[in-house]
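**Q** These are the residues of each chain, in order.
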Amino acid sequence: MPEERKTVINRIWGLFASVKFAIVIFSLIALTSVIGTVLEQRAEPARNILILSRLFGESLGPTIYKVFDAVGFMDMYHSWWFRALLVFFSTNIIICSLDRLPRIWKLVREPIKPLTAEQIEKAGIRREVSLKGKPEKVKEGVTAAIKAIGFHYEEMKEDRGYQFYSQKGNYTRLGVYITHLSIILILIGALVGISFGFKGFMNIPEGRSYPVAFSPSASLDPGEEQDRDRLLRALEASWGNVAKASGLLGIKEEDLKEKLKRYGIQPLGFSVRCDDFDVEFYENSQMPKKYTSWLTVIEDGKEVKSKAIEVNDPLTYKGVTFYQANYGMIPNAPGWSIMKVTSASGASEVKRLALGESFTIQGTKIEGTIRDFSPALSFDKQGRAFTFSEMMNNPAVFVEFTEAGKEKYAGWILKRYPETWRTPEGHTVQFIDFWGVQYTGLQVRRDPGVWIVYLGSMVMTLGLFIAFFMSHRKLWVKMVEDKGSTRVYIGASANKNRAAFERKIQKMIIFLRKRQGGGE
Amino acid sequence: MDSSVFFGISTMAYIVAMIIYITYLAFRKGGIGVAATTVTVIGFFSQTMAILVRWKEFYDISGMGILRSVPLTNLYESLIFFVWCLILGYLIIEFKYKNRSFGAFVTPVAGLALAFIDISGVSKEIHPLIPALQSNWLLAHVTMSFISYAAFALSYSTGLMYLIVKTDRRSQGAYIFWTVTLGIFITFLFAMGLDFLTFKVTVKPEEFIKSYLFKASFLHPSGAVKVLSWISMAAIIFAIWRFGLILRAVIEKFNISAEDLDEITYKSIAVGFPIFTLGGLIFGAIWADQAWGTYWSWDPKETWSLITWFVYAFYLHGRMLRGWRGKRVAIVAVLGFMAVIFTYLGVNLLLSGLHAYGGLE
Ligand code: HEM
Numbered sequence: 001m002p003e004e005r006k007t008v009i010n011r012i013w014g015l016f017a018s019v020k021f022a023i024v025i026f027s028l029i030a031l032t033s034v035i036g037t038v039l040e041q042r043a044e045p046a047r048n049i050l051i052l053s054r055l056f057g058e059s060l061g062p063t064i065y066k067v068f069d070a071v072g073f074m075d076m077y078h079s080w081w082f083r084a085l086l087v088f089f090s091t092n093i094i095i096c097s098l099d100r101l102p103r104i105w106k107l108v109r110e111p112i113k114p115l116t117a118e119q120i121e122k123a124g125i126r127r128e129v130s131l132k133g134k135p136e137k138v139k140e141g142v143t144a145a146i147k148a149i150g151f152h153y154e155e156m157k158e159d160r161g162y163q164f165y166s167q168k169g170n171y172t173r174l175g176v177y178i179t180h181l182s183i184i185l186i187l188i189g190a191l192v193g194i195s196f197g198f199k200g201f202m203n204i205p206e207g208r209s210y211p212v213a214f215s216p217s218a219s220l221d222p223g224e225e226q227d228r229d230r231l232l233r234a235l236e237a238s239w240g241n242v243a244k245a246s247g248l249l250g251i252k253e254e255d256l257k258e259k260l261k262r263y264g265i266q267p268l269g270f271s272v273r274c275d276d277f278d279v280e281f282y283e284n285s286q287m288p289k290k291y292t293s294w295l296t297v298i299e300d301g302k303e304v305k306s307k308a309i310e311v312n313d314p315l316t317y318k319g320v321t322f323y324q325a326n327y328g329m330i331p332n333a334p335g336w337s338i339m340k341v342t343s344a345s346g347a348s349e350v351k352r353l354a355l356g357e358s359f360t361i362q363g364t365k366i367e368g369t370i371r372d373f374s375p376a377l378s379f380d381k382q383g384r385a386f387t388f389s390e391m392m393n394n395p396a397v398f399v400e401f402t403e404a405g406k407e408k409y410a411g412w413i414l415k416r417y418p419e420t421w422r423t424p425e426g427h428t429v430q431f432i433d434f435w436g437v438q439y440t441g442l443q444v445r446r447d448p449g450v451w452i453v454y455l456g457s458m459v460m461t462l463g464l465f466i467a468f469f470m471s472h473r474k475l476w477v478k479m480v481e482d483k484g485s486t487r488v489y490i491g492a493s494a495n496k497n498r499a500a501f502e503r504k505i506q507k508m509i510i511f512l513r514k515r516q517g518g519g520e
Numbered sequence: 001m002d003s004s005v006f007f008g009i010s011t012m013a014y015i016v017a018m019i020i021y022i023t024y025l026a027f028r029k030g031g032i033g034v035a036a037t038t039v040t041v042i043g044f045f046s047q048t049m050a051i052l053v054r055w056k057e058f059y060d061i062s063g064m065g066i067l068r069s070v071p072l073t074n075l076y077e078s079l080i081f082f083v084w085c086l087i088l089g090y091l092i093i094e095f096k097y098k099n100r101s102f103g104a105f106v107t108p109v110a111g112l113a114l115a116f117i118d119i120s121g122v123s124k125e126i127h128p129l130i131p132a133l134q135s136n137w138l139l140a141h142v143t144m145s146f147i148s149y150a151a152f153a154l155s156y157s158t159g160l161m162y163l164i165v166k167t168d169r170r171s172q173g174a175y176i177f178w179t180v181t182l183g184i185f186i187t188f189l190f191a192m193g194l195d196f197l198t199f200k201v202t203v204k205p206e207e208f209i210k211s212y213l214f215k216a217s218f219l220h221p222s223g224a225v226k227v228l229s230w231i232s233m234a235a236i237i238f239a240i241w242r243f244g245l246i247l248r249a250v251i252e253k254f255n256i257s258a259e260d261l262d263e264i265t266y267k268s269i270a271v272g273f274p275i276f277t278l279g280g281l282i283f284g285a286i287w288a289d290q291a292w293g294t295y296w297s298w299d300p301k302e303t304w305s306l307i308t309w310f311v312y313a314f315y316l317h318g319r320m321l322r323g324w325r326g327k328r329v330a331i332v333a334v335l336g337f338m339a340v341i342f343t344y345l346g347v348n349l350l351l352s353g354l355h356a357y358g359g360l361e
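Chains as they are written, first to last, in my numbering: chain E, 1 to 520; chain Y, 1 to 361.
I should point out that these hints are in silico values taken from the structure, not numbers from a laboratory.
Straight line, CA to CA, 25 Å or less: simulated BS3-like cross-link-like pairs of lysine-lysine:
#  : chain 1 : residue 1 : chain 2 : residue 2
1  : Y       : 267       : E       : 496
2  : Y       : 56        : E       : 290
3  : E       : 157       : E       : 122
4  : E       : 113       : E       : 157
5  : E       : 168       : Y       : 267
6  : E       : 20        : Y       : 166
7  : E       : 504       : Y       : 98
8  : Y       : 56        : E       : 289
9  : E       : 504       : Y       : 267
10 : E       : 318       : E       : 261
11 : E       : 496       : Y       : 98
12 : E       : 507       : Y       : 98
13 : Y       : 327       : E       : 20
All chains, please: the whole structure from these sequences, using the hints.
**A** Pasting the structure below:
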């Protein structure tokens, strides 16, 4: 088509089909992303002004900040122009692939044909072997050699011999397109997640249950806060069921949803209870080994699922996933000591005791009373007990023992040190947990697109593997009678990784020689 | 023996090998080449032992499974693993291509990384894993990332050599590019050597040093030393630029063609790219998804991995454009490895420094 007659659409198509355009887009995405890593995204303005002042000096920093801010660099991955870049990028991949696919498809589907001697002469890889005996006699050996390197061949009878021809891996030409498709899949998955999912968090105290997750919302005035708390109570009463909650409140379901959205409240449709939270430490160290939350899902008042979640091992229910994110202490929570009391005779029971409450060791008159609690007990040089942290790094209870009303002994019992659980009489008073004073912090997410992203990742891995490690290989073997013996002409080609195919061909020849004898 | 003895032997071996390889490059005597290879192999075995011993030490301390004790949990261990992969890859190539000329380019990278470990004051202690790091995805992520980094390091060496062989005029853009790149690289090597010396001499070992990198040169408290450092860098770059053609003559004497160099560069990237995509990006994302509930959050480390990925995608596609084959894509291959280094070290050392404020925190 002459240049002038090219329509605008043709030109745009040509632009988006070109690899040149692709590497311009690669560069633009890479370069703008660099700026996005230097500036802190979605941070307080002061932080980025400071960064820019460090880089460009006190006087220029604030001005440059204003310029960058106006262009959207302070939240650049969500800016319109970065999204436009991603759209160009995807369009580029799609059009470029569509543009080339018909030609590639033809190469893939094209059956292999026998070649003339001159054509074989021109093949990328060439070998010649002489074998003793006429073609009819050595034919079997040649075909066995072809099979030995894994080719299924077609056969043609020729004037003075035969030709075998074969191809393998024609579909591997699609590897590149599979890779490109996977990028589109991943982007679609991300888009689905952004459009139909949500992210939030919830801090659940031990023993409590919540029907909602929270996400950051605009600041509310006192009236709105009251309204929000009213909605929360209704949701709690209905176990997170929005339809029921709107009935309780006497407002329309849509209105309730609208309000919840504004207040940054995401109803789950069920409730999640934190039965317990625990930090496990490495032996003799303050290094945490494991954070565990025992969660129970409650739907319509019924317990439907329980799981102990850890970091790297979340709970999923109805598409919503709960991740162990953090934890903390609840201010002024009373708390209960959970004690497992085992008498020397072996009788054992678990008790839940508030501060000041008592237990008796079965079959004895010994009574213990919980007098004090420390979340992180340590002893100073003089042997005095003190608390070194507000977190539960080394929980301990102080227990006073009496027998028949008379004081016996008293001391600290530590959760992490079993040697403190024994009494002189051989009873065991195990301090299992101080319960009700911690909350677990959960990251909550629903992302219906994540499976598309994972699928895309798998497809990408497959595509890259095919694109780089497999190739389309063609093989022609022509046998010609030559004064009672046979000359074998071998021609072969590979669209990639020729050296590896050449070694294969060499293997075939060695196989042939071993079987038939003969020389170059 | 504990692992540090073996590490010491391997570090020494690589530094000695670097010197022998460079000598070999200059004199091309077969015996010298064999000596260089022997020393490298000794270093490699010693390092393998070191890694195994450290694995055992870790296993004894953590009290968790074998897989949870793989020594790949911090900067120190991952750099060691990177050097190990790099040397392994190099030995394979030396064996396959029957050519020792890359040795002089690869062992300095190994030396640089190991010297960096000593100077930067990264912690060598064994710490059991905190909960977020207890993930098989993370293990696969780190292992594969470093295998790909090693492949990229090889492509960096051969890409640079390709540029050296392919340029013959001082005014050529590609010539200026490789001389400046190599100049900066060598300056940093020197600066680290300087750090290394002053660090050993003046700082008490019991003092905890967060980072001592470039404190003896570019980041010295005295302004004069700072200026001197920059002048030295300029002088080194100038010297390489002025006498670069000699280096070219040396490499040319080797029976390695520019085409071979180009092919090894491509092959290394063709191996590195899929491994990086799967291990570096995908497994990293899966781990983040399992641990934090988000597979991509645009944090600087993630973003720099993506930047690296795009640079290598640029390389792969650039090769298909007529005017870009050869020198231009070799430049992209060299830039790609710089992005790798920045992803691994720059993000932690430079960006986090830029983002840390004390007052505002
Ligand atoms: C970052 C995104 C991309 C990735 C990861 C990617 C990946 C790949 C890979 C691995 C190859 C094979 C290269 C080789 O064998 O050396 C390839 C080839 C190719 N890519 Fe991409 N690609 C991307 C984006 C694009 C875009 C936007 C275009 C649009 C023009 C494009 C066009 C091509 C073409 C035309 C080929 C050669 C196809 C052939 O050999 O038949 N790629 N791509």
